[in-house]
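Engineer: With chain A held as given, fit chain B onto it using these hints.
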Amino acid sequence: MEKSKEHIALEQAFSQLKAELEEANDVIHAIRTGEIDALVVKGSEGHQLFTLKSADHTYRIFIEQMSEGALTLDKFDNILYSNSQFAKLLGIPLEKVIGMNFSALVTHEDRSFAMEVVGGAWDVDTRAELRLENYVGEKISVQISLKALELDEGKSLSVILTDLTALKKSQSQLEIQNKELEIARQIAEELNSNLEATVKARTQELESNIRDKVRVEEVLRSNEQRLTSILHTMGEGLCILDTIGQVTFANPRAQKIFALSAEEILLRDYFTLQSECFSLDGSTLQREQHPIYIMSVNQKPVYDHEIMIRNHKDESVYISINASPLYDGEIFIGVVMTFTDVTNRRKIAFQKDEFISVASHEIKTPLTSLKASMQLLTRVMETNLGSEKIPMLIQKANSNLAKVVHLADDLMNVSKIQHGPLPLNLEETNMASLVISCAEQILNHTPVKLVIEGEMELSVLVDQQRIEQVLVNLFNNALKYASESKIIKVIISQGEKFAKVSVQDFGAGIPPEKLAHLFDRYYQVDPQGKQVSGLGLGLYISHEIIQRHGGELTVESTFDFGSTFSFTVPTRNNL
Amino acid sequence: MEKKILVIDDNADILELVTMILELDGFEVVSSKNGLETESLVAEHKPDAILLDVLLGNVDGRYLCHLVKSNSETSHIPVIMISASHAARSIQEGYCQPDDFVSKPFDIDDLVFRIRKLL
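Residue numbers (UniProt numbering), protein chains in the order written: chain A, 1 to 575; chain B, 1 to 119.
Rather than coming from a laboratory, the hints here were simulated on the basis of the structure.
From a predicted model like this one, the values you see are computed outputs, not experimental measurements.
All residues carry an ideal CB built from backbone N, CA and C; glycine is no exception.
Possibly wrong hints are sitting among the right ones.
Said to hold, decoys possible - Short derived list, chain A residues pointing at chain B, Cβ under 7 Å: (1) K213; (2) T365; (3) S369; (4) K371; (5) A372.
Pulled out of the complex, with its shape left as it was, chain A reads as follows (with noise of 0.2 Å):
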């Protein structure tokens, strides 16, 4: 089929458009890539030269090659001119960036503000930072800087876009991260602030713990100073012992007691720490009867455990032992002994005892006479064989229960003067008066004779009744004592204040190891292996009513010539 003219004349056309279309987009190329200066378009007014004077040939390839969008707009917005950079942004091809309006790139949320700026920007360079919306819809961050040029072809406005998409990745990335180091500075700077506070707290607690150890040491070398001076002054001795029975620490009171030095009696054990042990029935002690073999036996404490040791002094001493296991934990590690020195207490103990079989003696010995005399008084009466023996039973009768009465009276006197000092009832007496009533009274029916000299006229202020006691009973003494004496001699002398009555016999006198304990309660002396009647009380009550008087009771006794007993008492001028 042959080709139309018309057809032909398409196609002919078709091909000059075609070529015109290559040459165009040649052009473009050229003017691109700088390859061209200047343009000569042919228009209604004939060929016009169109020079390419701002983008010189270097300036527009720096304009390609740079980084940031470049367009150039006219006075509508359109798009004159955009790098290849710009078209990269937005992904749009170059050729279709040319011509479109600037504000259809803008997101719509900046549009208007984009209007404003550009708007703005023909007057007045201007920079702002808005967003660009790319062909997928994406929010690109840009930089917008603007500046009206003016050309010869009239005036356009030139701008520079910089993708702030990676500075904006940065900055939110760098405010991430500030934020992040923010909060890790907060943390360190509350660690810091923590730490400072545990460091303050640990340190104040750290001195104070210093102080209270301190503090603590300070009372426990105070209480080892208060013990240790306890341990050397206590009346009782302390030993420590070890496992098996060694002592490890004797205070000075236990090594007093054992007569034993420091040194020494460590080397011992409780077996060994005396010479012998005995039991209170005087029979020996031996090991497996001692109260701290009975102890580690037992593991129990003992109390008051008392036997008699002989000491390295071969002194013989009652001791009374309390013992207790020692345990760290409950690890059996010792024991722990005190011990007191109950001599004296034993002592006093065995007084007593022999008081009161002493005063049971002295008050049944009386009380026999008393009960025969009565018993005797009963059969004469009834039989009326001998009755001539009964005034003499009523004067043994008499005269016994009275002795009865004294001796009830001398207990009497003890527990008084024991329970606080004697009442006296004072009055103006003559001495030598008291002196003879009393001899009579004791020596009436004895050989023995009173012989007496001195202030006859003697006044003395006593308790009359009290220093007739002490006169009987030095005249009782004087008998009992002195028997072989044929006479007592009684001297009365005035002194400043007091009056001085001496009681002076010739008898045996008193060994002067006894005269120590004349005046102590249940003493009696027993001369020449004598055993004598009494309860011992007599001196001890006779020196306390003196003291009472304010007055002194001494004797001076030479031994085979006799003793004299003196006292004090005060005379009227003492008021």
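Structural biologist: Coordinates of chain B only, in the frame set by chain A:
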């Protein structure tokens, strides 16, 4: 024939009263306050029984009892000891071996009964 009793006691009242008790009961009594005379009085009077106080002041009555009982010529003589001390009762089991023991204060009928029992 009256039985002869030797009484030794250092207390004059008791000595006098015991003597009276025994005499009223028909005994012949030899008495002394001095214990040291015991041996010579026993030898001299050959008593049928001896009444001996334990605490005699200058000598121990238990010792005197021992002397009487350890002498073959006098060991047959009954000895009754008198004491105010209960502890003295143990003397019966001691070295002096008396025939009987009387505590003070005694009953006079009991005393006479004990003496008669031993004669």
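Engineer: Each hint needs a verdict: does it hold in this structure or not?
Structural biologist: Okay, the hints, checked on the actual structure:
no.: 1; hint: K213; in the structure: 67 Å, violated
no.: 2; hint: T365; in the structure: 6 Å, holds
no.: 3; hint: S369; in the structure: 4 Å, holds
no.: 4; hint: K371; in the structure: 4 Å, holds
no.: 5; hint: A372; in the structure: 4 Å, holds
Hint violations for this structure: number 1 only, all remaining hints satisfied.
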